[in-house]
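K.L.:
Residues per chain, in single letters:
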Amino acid sequence: MANALDPHAAIATTASGAPDGPLRTADGKPLARALARSQARAKRRAFWLVLPLLAFILLTFAIPIGQMLQRSFYNAGFSDNMPQLSQWFAENPRGTDPDEAAWTALAQDLQASAEARTIGTVGTRINYDVPGTRSLFTSTGRQVRRGVEPPYQAALLEIDEKWGEPRLWSAMREASNPVTTNFYLASVDRTRNDQGEIVKVPERQQIYGTLFARTFWLSLLITATTFILGFPIAHLLATLPMRKSNLLMILVLLPFWTSLLVRTTSWMVLLQQQGVINDILVWLGLIGNSQRLQMIYNQTGTIIAMTHILLPFMVLPLYSVMRTINPSYVRAARSLGATSWTAFRRVYFPQTLPGLGAGALLVFILAVGYYITPALVGGSSGQLISNMIAMHMTDTLNWSMAAALASLLLGAVLILYWLYDKLVGIDNLKLG
Amino acid sequence: MKRMLILSTALGLMASPVLADVNLLSWGGAYGNSHVEAYAKPFEAESGIKVNVADADNPATPIKAMVEAGNVSADVASVEYADAVRLCDEGLLEEIDPAILAAGDDGTAAADDFIEGAITECFVGTDVYSMILAYDDSKFDGAKPATPNDFFDTEAFPGKRTMRKGAKFNLEFALMADGVPAEEVYDVLSTPEGVDRAFEKLESIKGDIIWWEAGAQPPQLLADGEVTMAYAFNGRIFNASQGEGKPFKIVWDGQIYEMEGWVVPKGAPNLEDALKFITFSTSTAPQARAAEFISYGPPRRSAAAAVGNIEGTEEPMGPNLPTFEANMANALASNLDFWVDHDAELNERFNSWLAN
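If you read the sequences in order, they're chains X and Z. Using the UniProt record's numbering, read the first sequence as starting at 1 and increasing by one per residue. Using the UniProt record's numbering, read the second sequence as starting at 1 and increasing by one per residue.
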């Protein structure tokens with residue numbers, strides 16, 4: 001009976017009837033080709049419909065992000081503006097002491113760059129690798145603009161003896177090639193020494209490794225807490241009668257519609273030492289006035305505020321999956337003698353997995369990139385890697401470094417996504 | 001992006017023909033209002049040259065776009081010191097001859113009357129804001145905090161502190177608290193031992209510091225009783241104590257100041273009148289008048305002494321300004337070159353220190 005209704009059934013019959021020849025349509029063309037042609041036309045039409053969106057995404061999302069990420073390994077600030085010296089570096093291998101030709105190239109490039117007013121860009125690029133050298137370039141530039149006489153080595157060393165430092169020459173050699181791995185090295189707390197070998201940065205400068213580890217650990221923790229808090233809520237919403245569950249749903253969505261900053265500041269009011277919660281605890285006599293709890297401006301504050309903010313992203317996918325679960329399965333399990341725990345564990349819970357997977361992935365990925373909340377309530381122990389990316393974007397203006405950190409973060413998230421696909425399967429994802 | 005900016009600037013210009021007046025680019029808000037009231041209106045009345053005031057989020061951005069598009073509509077703009085140096089380095093500004101600046105009302109030559117760093121190649125300072133130590137007066141009954149070191153003395157002055165989350169300002173302040181005179185701070189900070197010393201000083205109260213990120217946080221933290229002392233921008237503290245009547249007091253010892261001021265975009269259409277406007281607005285009387293509207297101090301000594309009452313009140317504004325003579329006793333001019341060189345390095349170390 002089912003077969004008779006299947007539109008492919010007729011073809012299937014024909015196929016089994018003539019196993020050697022290709023299938024043909026009524027006018028004798030091979031069926032596969034006719035089908036492909038008619039589908040290609042439909043696809044082309046469909047493509048024209050999605051073209052505006054595709055172009056929009058490409059222009060406003062893919063290209064800018066691509067350009068941004070390109071900065072993590074490509075920085076032509078030095079090589080473009082110091083062509084002669086870059087040329088000298090290309091011709092002479094590492095280990096060659098700078099000769100007068102090199103000094104001449106340096107002096108002339110500095111002069112040209114100072115006149116073109118690009119010396120700041122050059123200095124900034126070297127300053128990334130050797131802190132304290134941007135002003136060396138700009139002040140030397142100001143002087144050579146007035147004129148500089150050969151021998152150039154003596155002349156430049158007289159302007160500032162820092163020009164003789166091997167560390168500086170090593171950094172200029174690195175920068176003479178616009179393609180560099182230095183920003184990625186710095187992102188994992190590594191640097192290059194005078195000989196160009198990769199070494200660890202001094203311990204007190206090490207920061208990124210710690211922050212990457214902390215970011216992933218806190219994000220996992222926040223995903224786990226949103227699951228523990230969100231699962232019962234979603235279940236309640238899914239099983240209550242429609243009228244009540246709609247009312248409760250508004251309570252879930254209301255904070256979701258409130259500005260992020262308002263919610264974060266509300267947590268400050270609640271959690272700070274002179275805040276509402278501490279006041280209540282002191283009033284109840286549970287803690288003394290001098291023992292007020294420090295619940296914000298540290299890791300605890302970051303976890304609490306971010307869990308609250310990301311909770312709807314866990315509840316909504318879970319809810320949408322739970323609504324579709326037929327209650328008769330659990331009833332059947334109970335009637336067959338399963339305890340309520342067994343029925344939940346073996347029958348109900350496995351059916352919620354697509355929603356759980358989607359919620360966990362959403363919360364985790366959002367948490368990894370979170371920035372405002374940890375900046376405001378994180379204090380010193382609740383900082384995440386995104387705060388360093390923001391610092392490099394807005395304060396130090398080292399966009400190459402920000403791009404390198406962001407690429408590593410993106411790479412790590414993609415690896416986790418791939419792992420999720422291998423372990424759970426991406427088809428098992430239900431966003432709503 | 002650049003082309004877009006150029007295009008939009010060009011389109012904007014077609015709509016507003018450049019007049020033979022002075023076109024001033026300012027910030028808007030209370031700060032922009034002080035420019036209109038104290039500079040633009042009196043200048044029009046005196047010289048008969050009209051001043052058209054336009055606002056921008058940060059005038060440095062449109063200046064860059066205008067000059068690169070070769071179609072400059074602004075004659076004078078108000079920018080931050082750091083932006084002025086950067087734009088000047090990139091060749092986007094006219095040089096300003098310090099000889100055009102008027103002598104002070106008391107006869108002091110301009111070069112001596114302006115504070116250190118207020119006049120550079122392309123920039124003349126108009127106002128000074130600063131980072132200061134502020135405390136909640138109601139929290140200390142006996143002795144009151146009076147020096148930077150009191151900020152680090154949690155025995156004598158209990159309670160938490162709040163500082164800006166970042167290396168800038170804090171390292172200098174820590175060194176001043178440790179006994180380094182203002183004029184030696186950057187020399188000390190340029191040595192590795194000096195940086196260690198600053199971090200050691202911060203380390204001594206690390207557990208008592210709440211780090212602020214946005215300028216509005218310090219007055220809020222003080223008002224909530226979360227902290228008893230703050231190292232914060234003076235304007236914010238002034239607004240909370242003057243406008244909202246909070247019992248906040250400022251300790252000026254150890255203040256670190258920065259400046260805003262006039263620049264002239266390269267190719268300004270009314271250069272001559274623009275320079276007249278700069279001469280007028282940076283002279284003693286208008287400078288003193290501007291400070292009555294907002295708690296940013298005039299960068300010239302004769303004007304700082306002549307500031308009257310806070311606009312709309314009978315209280316003198318003078319003692320609330322960073323450049324009031326008594327407030328400048330141990331003041332440090334923020335060193336831009338130092339921070340351009342060491343910003344990334346010291347901030348990485350600062351964040352590493354925070355995390356461990």
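Worth flagging that the hints you see were computed from the coordinates, not collected in a lab. Worth double-checking, as some hints may not be accurate.
Said to hold, decoys possible - Below are the SDA-like pairs computed for lysine to any residue, each with C-alpha atoms no more than 25 angstroms apart in a straight line:
no.	chain 1	residue 1	chain 2	residue 2
1	Z	K139	X	M268
2	Z	K168	X	D395
3	Z	K160	Z	N149
K.L.:
Run the distance test for K160/Z versus N149/Z: straight-line Cα separation, threshold 25 angstroms.
P.N.:
Answer holds: K160/Z to N149/Z is near 15 angstroms, not above 25 angstroms.
K.L.:
Holds or violated: K139/Z and M268/X, Cα atoms, limit 25 angstroms.
P.N.:
holds, 21 angstroms
K.L.:
Taking only the CA atoms, is the gap from K168/Z to D395/X under or equal to 25 angstroms?
P.N.:
holds, 10 angstroms
This entry satisfies every hint, going by the numbered hints stated previously.
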